[in-house]
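Those protein sequences? They're chains L and W, same order as listed.
Residues in the first sequence are numbered from 1 upward in steps of one, following this note's numbering.
Residues in the second sequence are numbered from 1 upward in steps of one, following this note's numbering.
Careful: at least some of the hints might be erroneous.
In silico EDC-like pairs for lysine to aspartate or glutamate, Cα to Cα no more than 20 Å straight-line [what the hints assert, rightly or not]: (1) W:Lys83 - L:Glu221; (2) L:Lys590 - L:Asp516; (3) W:Lys133 - L:Glu663; (4) W:Lys147 - L:Glu663; (5) W:Lys147 - L:Glu221; (6) L:Lys292 - W:Glu42; (7) L:Lys430 - W:Asp29; (8) L:Lys642 - W:Asp122; (9) L:Lys590 - L:Glu663; (10) L:Lys322 - L:Asp504; (11) W:Lys115 - W:Glu127; (12) L:Lys292 - W:Asp18; (13) W:Lys32 - L:Asp648; (14) W:Lys32 - L:Asp229; (15) W:Lys82 - L:Glu221.
Please keep in mind that the hints were generated in silico from the structure rather than gathered at the bench.
The chain contents come next:
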Amino acid sequence: MKTRTGLSVSRREFLMTSGALIVSAAAPATSENAVAATAATDPLKPALVPGELDSWVAVLKDGRVAAFFGKVDLGQGLDVGIAQIVADELDVAYEKVTVFQGDTANSCNQGGASGSFGINVGAKPLRNAAAEARRILVESAAQRLSVPADRLTVSDGVVSVTGDAAKKVSYAELIGGRFFNAKVEWNKQVGNFMDINVRAKPKQPSEYKVVGKSFPRNDVEGKVFGTSDWVSEVRVPGMLHARVIRPERAGCDPVKVDEASIRSIRGARVVREGNFLAVVAPREWDAVRAAKMLKVEWSASKDPFPPMDKLYEHIRAAKTVKREEPLKKGDVEAVIKTAARVVEAEYEWPFQAHASMGPGCAVVDPRKGRATLWTGTQKPHYARDGVAKILGLPPEEVHGIWVVGPGSYGRNDAGDTAIDAAIVAKLTGKPVRVQSSRAEGIAWCPKGPAGVHRGRAAFDASGKVIGYDFNSKGFSRLNVNSNESDPGDTLGGMEIGMTLKPQDAFGTPEETYGFDNKRLGWEVIAPLLARSSPLRTSHLRDPVGPDIHFASEQFIDELAFAAGEDPVAFRLKYVTAARDAAVIRAAAEKAGWQPRPAQRSRPSGDVLTGRGIAYAQRARTIIAAVAEIEVDRRTGRIWGRKFTVAHDCGLIINPQSLRYTIEGNVVHGLSRVLF
Amino acid sequence: MAKVSFAVDGKAVSVDVDPNMPLLYALRDDLKMNAPHFGCGEGQCGACTVLLDGEPTRSCVLPVSAAKGRKVTTIYGLGTPKKPHPLQTAYVQEQVPQCGYCVSGWLLTAAAFLKKKPAAGDSELREALSGLKCRCGTHVSIMRAVKRAQKQMA
Numbered sequence: 001m002k003t004r005t006g007l008s009v010s011r012r013e014f015l016m017t018s019g020a021l022i023v024s025a026a027a028p029a030t031s032e033n034a035v036a037a038t039a040a041t042d043p044l045k046p047a048l049v050p051g052e053l054d055s056w057v058a059v060l061k062d063g064r065v066a067a068f069f070g071k072v073d074l075g076q077g078l079d080v081g082i083a084q085i086v087a088d089e090l091d092v093a094y095e096k097v098t099v100f101q102g103d104t105a106n107s108c109n110q111g112g113a114s115g116s117f118g119i120n121v122g123a124k125p126l127r128n129a130a131a132e133a134r135r136i137l138v139e140s141a142a143q144r145l146s147v148p149a150d151r152l153t154v155s156d157g158v159v160s161v162t163g164d165a166a167k168k169v170s171y172a173e174l175i176g177g178r179f180f181n182a183k184v185e186w187n188k189q190v191g192n193f194m195d196i197n198v199r200a201k202p203k204q205p206s207e208y209k210v211v212g213k214s215f216p217r218n219d220v221e222g223k224v225f226g227t228s229d230w231v232s233e234v235r236v237p238g239m240l241h242a243r244v245i246r247p248e249r250a251g252c253d254p255v256k257v258d259e260a261s262i263r264s265i266r267g268a269r270v271v272r273e274g275n276f277l278a279v280v281a282p283r284e285w286d287a288v289r290a291a292k293m294l295k296v297e298w299s300a301s302k303d304p305f306p307p308m309d310k311l312y313e314h315i316r317a318a319k320t321v322k323r324e325e326p327l328k329k330g331d332v333e334a335v336i337k338t339a340a341r342v343v344e345a346e347y348e349w350p351f352q353a354h355a356s357m358g359p360g361c362a363v364v365d366p367r368k369g370r371a372t373l374w375t376g377t378q379k380p381h382y383a384r385d386g387v388a389k390i391l392g393l394p395p396e397e398v399h400g401i402w403v404v405g406p407g408s409y410g411r412n413d414a415g416d417t418a419i420d421a422a423i424v425a426k427l428t429g430k431p432v433r434v435q436s437s438r439a440e441g442i443a444w445c446p447k448g449p450a451g452v453h454r455g456r457a458a459f460d461a462s463g464k465v466i467g468y469d470f471n472s473k474g475f476s477r478l479n480v481n482s483n484e485s486d487p488g489d490t491l492g493g494m495e496i497g498m499t500l501k502p503q504d505a506f507g508t509p510e511e512t513y514g515f516d517n518k519r520l521g522w523e524v525i526a527p528l529l530a531r532s533s534p535l536r537t538s539h540l541r542d543p544v545g546p547d548i549h550f551a552s553e554q555f556i557d558e559l560a561f562a563a564g565e566d567p568v569a570f571r572l573k574y575v576t577a578a579r580d581a582a583v584i585r586a587a588a589e590k591a592g593w594q595p596r597p598a599q600r601s602r603p604s605g606d607v608l609t610g611r612g613i614a615y616a617q618r619a620r621t622i623i624a625a626v627a628e629i630e631v632d633r634r635t636g637r638i639w640g641r642k643f644t645v646a647h648d649c650g651l652i653i654n655p656q657s658l659r660y661t662i663e664g665n666v667v668h669g670l671s672r673v674l675f
Numbered sequence: 001m002a003k004v005s006f007a008v009d010g011k012a013v014s015v016d017v018d019p020n021m022p023l024l025y026a027l028r029d030d031l032k033m034n035a036p037h038f039g040c041g042e043g044q045c046g047a048c049t050v051l052l053d054g055e056p057t058r059s060c061v062l063p064v065s066a067a068k069g070r071k072v073t074t075i076y077g078l079g080t081p082k083k084p085h086p087l088q089t090a091y092v093q094e095q096v097p098q099c100g101y102c103v104s105g106w107l108l109t110a111a112a113f114l115k116k117k118p119a120a121g122d123s124e125l126r127e128a129l130s131g132l133k134c135r136c137g138t139h140v141s142i143m144r145a146v147k148r149a150q151k152q153m154a
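Hey, can you work out the whole structure from these sequences and the hints?
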């Protein structure tokens, strides 16, 4: 199986050589080819809407299968998993399935990479579509072979009569290169939860032959040999390089721009709309130089931020603008008042930048009445909508193409860069490539929100926890929305005067501790700077999960310590879901956990070793991890020695992909906690 | 503007550019190469690494004029799909990269180090590679791949 993104000319070649009607034969062999792939250019293809089976799956002339996925794989093998699922439902060999992803010309808006939903939600419409395609093909074969459908079997895309294998017809013969023209029932959702209802019944897991096996990824060789493209390698003839100019201090607007200060750079010039300021030049280095040389007088800083060491004081003291208590059982306050013992603790979590391997980069090519966007954002369909709004075009006239970017762990600066490119493209009328500097990428990307997390627990005289209160107070995880469909939610959009529509949201621990009285709450405070803030907050992998669970699981350890109990045993005593308990047990067993309460005395020696366990739920996956660490008392250096992870995500589609995902999760999490 | 000549992956090249421009921009913009990458422009992350006469060098901070008459090696010169370097083979076998943006730095730095010290132990390898970044957190498989390649090269 292969995976294609829209950048690749071979994608068109693939479809062309397959004789599929998906691409118009007249499509030029340029970046425009993907535009040609839209339904609009092929009169035979039904409209690209979720209610058409042809929007999800196609059988090509030679029997190969194309699946159209409205999410994107960020290097964890999601596309491989989708191909495995489609192969099983259709009864074709895995190698025959090609997944097209993140291209607005051939996929519906399934929300892009989002919320760890890639497989457990995102695969559903593909699975249903593949099952429906198989049903239609088997029925069609039944007519062709004049036997009832229930007497037919399918093997690698060939339908044959059970017990009489000579009587057969292939998918390619039945429909290869043509369209199903079949309606499916769309659930009317756009984004993550888009799904379709079909007449076919998908297979039972016991029938899977491809799902559950490890297939290697498709993007590795291209990355190792430098033969594949990242978004930063998109080069459009005649394109300008742009660098957006942003102030060194937050809350400053450009007052005076000295255009003469870059006059010595041939071809460099300033573009501006409102507070959005950029330089462009035909050569990239000239744009970089111009950005450094441009003299700008900024308005006085409004100094919106408290000093770093006063951040948590600010959070504690700030007025709450929204509070929710998603879980409330019994009367926590009452039992805390009368408890034999109360344990309290607070945990602080800073703002965190995505700090992807490279800063954001995007290319926008505006043409008369239409445009193309190449972006590394996780949500290319939404970014396409945002770019269309900037350019004043209907969304269907903007072709959004996802191309892998320099790492992506949530809403980083990739989407904002797409809007930056669109603004400069609008102002210059030329194809524009924007790439930020490292400093801008870190300073101006949306941030994971800072917060203060507070736990309080009440014990009765027997040492049982009878009350548990956990509250997170911090900046919203949705100060800017989770996607770029409304440019008001982007930095460039705000700078040209569009309105940010902030939302207030945070989260609570995802666990099943069954304390008699229990309250889980969150509260959100106002942003430090309402508009164009470098500290505007959004989701950073997994949205507010690491902060909340860092705090709540640390607090559970405090309670185990207070109760004089082993941290694993303490968790198992209170956790109520059987799956959660099984995951905690599995991690402890594999790690060779020796039960004992945490030590009260400090051991001697320069290098101390310790262990700990934490568990959480996430998007219907349950995870427990045992960490074994070393601390050098002389230097304070913490060294993660060994991590044992129990990860119950339900049915495993591709064990190797999962293993790498878990390893990456551990290192990413460790990096965010330690550095 | 000045004409600067050097060799890239065994081929003589010449660019007519601002001599202060970093080598990275000459490779990417003038020679249209897809790797190395721009990661930070400050010499801090390693995504732009090339070998300059065999030594790992951050091309984002090296003026192109400093490459004059010298041999630049990128991952294209390290190996190709048909004739891969053992590290590239190991990277594929171990399925190392996630986003893959950092690959040039790790491969070229490891290749240069293993050439000098083929029998390096774990801590020496870690030390040699410590100046590189991978934000996707693939370090565990990077170490697996480097050690696999090391065995193969021995």
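These are the hints, each one checked on the structure:
1. Proximity of Lys83 of chain W to Glu221 of chain L is assessed by CA-CA distance (about 13 Å); at most 20 Å being required, the pair is judged to hold.
2. The straight-line distance between the Cα atoms of Lys590 of chain L and Asp516 of chain L is roughly 31 Å, outside the 20 Å bound, and the hint therefore fails.
3. Simply put, Lys133 of chain W and Glu663 of chain L have alpha-carbon atoms about 16 Å apart, close enough for the 20 Å limit, and the pair holds.
4. The hinted pair formed by Lys147 of chain W and Glu663 of chain L meets the criterion: a straight-line CA distance of about 17 Å does not exceed 20 Å.
5. Straight-line distance between C-alpha atoms of Lys147 of chain W and Glu221 of chain L comes to about 19 Å, which keeps the hinted pair within the 20 Å bound.
6. Taking the CA atoms of Lys292 of chain L and Glu42 of chain W, the gap is about 14 Å. The hint holds against a cut of 20 Å.
7. Of the pairs offered as hints, the one joining Lys430 of chain L and Asp29 of chain W holds, with about 18 Å between alpha carbons and a cut-off of 20 Å not exceeded.
8. A distance of roughly 15 Å separates the Cα atoms of Lys642 of chain L and Asp122 of chain W; the hinted pair therefore holds under the 20 Å criterion.
9. Distance check on the hinted pair: Lys590 of chain L and Glu663 of chain L sit about 16 Å apart at the alpha-carbon level, within 20 Å; holds.
10. Between the alpha carbons of Lys322 of chain L and Asp504 of chain L the distance comes to roughly 7 Å, so the proposed pair stays at or under 20 Å and holds.
11. Restraint check for Lys115 of chain W and Glu127 of chain W: satisfied, since their Cα atoms lie roughly 15 Å apart, inside the 20 Å limit.
12. Restraint check: the Cα-Cα separation between Lys292 of chain L and Asp18 of chain W comes to about 15 Å, which is no more than 20 Å; the hinted pair holds.
13. Between the alpha carbons of Lys32 of chain W and Asp648 of chain L the distance comes to roughly 45 Å, so the proposed pair goes past 20 Å and is violated.
14. Between Lys32 of chain W and Asp229 of chain L the alpha-carbon distance is near 12 Å, which keeps this suggested pair within the 20 Å criterion.
15. Taking the CA atoms of Lys82 of chain W and Glu221 of chain L, the gap is about 11 Å. The hint holds against a cut of 20 Å.
Hint violations for this structure: numbers 2, 13, all remaining hints satisfied.
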